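Number of protein chains: 2
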Amino acid sequence: MDGEISKFTIEEKLSCQSLTPQTTVNLLDSVDVFLFDCDGVIWKGDALIDGVSDTLDTLRAMGKKLVFVTNNSTKSRRQYAKKFHSLGISVSEDEIFSSSFAAAMYLKANDFPKEKKVYVIGEEGILEELELAGFTGVGGPEDGKKTAHLKPNSLFEHDKSVGAVVVGLDQYINFYKLQYGTLCIRENPGCLFIATNRDAVGHLTDLQEWPGAGCMVAAICGSTQKEPIVVGKPSTFLMEFLLQKFNIPTSRMCMVGDRLDTDILFGQNAGCRTLLVLSGVTNLSDLQDSSNHIRPEYYTSTLSDIISLFNNYQSSF
Amino acid sequence: MDGEISKFTIEEKLSCQSLTPQTTVNLLDSVDVFLFDCDGVIWKGDALIDGVSDTLDTLRAMGKKLVFVTNNSTKSRRQYAKKFHSLGISVSEDEIFSSSFAAAMYLKANDFPKEKKVYVIGEEGILEELELAGFTGVGGPEDGKKTAHLKPNSLFEHDKSVGAVVVGLDQYINFYKLQYGTLCIRENPGCLFIATNRDAVGHLTDLQEWPGAGCMVAAICGSTQKEPIVVGKPSTFLMEFLLQKFNIPTSRMCMVGDRLDTDILFGQNAGCRTLLVLSGVTNLSDLQDSSNHIRPEYYTSTLSDIISLFNNYQSSF
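Sequence lines, in order, name chains C and W. Heads up, the first sequence is in this note's numbering, so the first residue is 30 and it goes up one at a time. Heads up, the second sequence is in this note's numbering, so the first residue is 30 and it goes up one at a time.
These aren't lab readings, by the way, just hints derived from the structure by calculation. Note that the coordinates shown come from a computational prediction; the quantities given were computed from them, not determined experimentally. Glycine included, each C-beta is placed from N, C-alpha and C at the ideal position. Errors might be hidden in some of the hints.
Pulled a few chain C residues facing chain W out of the computed Cβ check, cut under 8 Å [what the hints assert, rightly or not]:
(1) 138
(2) 142
(3) 182
(4) 230
(5) 232
(6) 235
(7) 239
(8) 346
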């Protein structure tokens, strides 16, 4: 960038550096827990990103705690552990914090009455986490094939005992679910509107992005004219669980992600160190664009750079 | 309201009066064109509101021009004329200004290239108006039964010649359409994002409200992070056509509607007189709520009050 007019000021440049052998060593020395986003960091769709497996092994061998924090609510923690295993990576359920789990934990933390129901616009993962937490989820995949019939003198009925609507990514979104969720939020007194997250798009397949939970959540905002409680990133709701689990200050945690507005903002909101990887939705020009005001502490191409840069440093002595 | 603490100040009260025999006569004297919203004013779902037919006949007999301005994009002007006739009211196509027509007219007014296509998230009305204006609409009802397959190494393809996405009320909304529209807006250079309107909900059936175009439009805002061009109310885009048609100043037009944020705002934005009827989505407490800042000039229960109040005035002499 020398000789060019950079869009970053000198101060901003200092606060967002490309990872080097020296800064990698410093980061590894000062961090005990690495929090990883999954999509765009660990995998893309169902394809593992190169070098991830070895990197995670090496970090574990160094004694680092690893945590996987994903906004994708389509799976439960159990289903995510299964996905990791199928990709040859050993991860335990309690190392995984998905937004589906966060939704269930939010209800638990707020003493949501067990006799009330939760209507789900989303997929299996949310329903499974609700059930594990002792709540009754309704809707979800089951309502994906239902049709709303617009008939004169006929009411579309909804369950008055629904006390919360949880909205996440839903490939089977339809008018039936939109009307059901809208009626619960508008007509059931005190009904909560919970969003797993608001990601605009996500790499649901390896080759391209698809509308994310932010699309379905916005639809319900549009019909109810209400704003949701967001439990996934960048909300720091999950951080309370991480702090309880590890008893380590957030300044000794590093959030690694591919998204500025969820991962990096989440890390910053929680007081963590932050590392952006360019293997997902954000590229260098997005990062350096003048419209972007979210600067990670460091950025690098891909997760495995941590190990190659560390090795470079070691071999220079 | 005497003796009670009103949420309106005296000034606001003066600017929003219940229609009386005297103000009705004054209004009728000073207005040449009545613009009517349909849903909640003329009908609810498929049921005509009491007294509407006689009221329209009387207004025509008084020499008033009548125009019907509806945000509901599911029908074309031709289909609306048919609906009026089926309810026993004689209305010609060119008295009807629907948001489906507005979308086609927006493209025409902006010299949208005929060789480009228009992707429709919406129903038959939009496609019919596009065709009548000489444009090629794709998507719409046809894509209501399609499924998006999320497969590895497989691309969801979209037509690169789509130059505009029109989003309106769509009872057959699905993930396929959301992905298609999102890809066109995000990836086709210069692709327009046009919303027929942003009504949160609408009386699609006589007994209850359903998510409106505002729900589908918000979904696409959520996935594209872009804001649409709105062609229906409260945008005054249609007013240009009305002015050309009648050559009457807007101060001699009166917008009659049941919604504050579309009908009354549209009337005010255009410089028309405004009359709110309480036969649709807005009730008196919504109107008088401190959070509401849109005040019509007059309000009354239902459209036929215009005639009964006028007759009361006549019989008092």
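Here is what the structure says about each hint:
1. 138: Because about 26 Å separates residue 138 of chain C from the closest Cβ in chain W, which is outside the 8 Å limit, the hint is violated.
2. 142: 27 Å, violated
3. 182: With Cβ-Cβ at 7 Å, under 8 Å, it holds.
4. 230: Hint on residue 230 of chain C: holds, closest Cβ of chain W at ~6 Å, below 8 Å.
5. 232: 10 Å, violated
6. 235: 6 Å, holds
7. 239: With Cβ-Cβ at 6 Å, under 8 Å, it holds.
8. 346: 43 Å, violated
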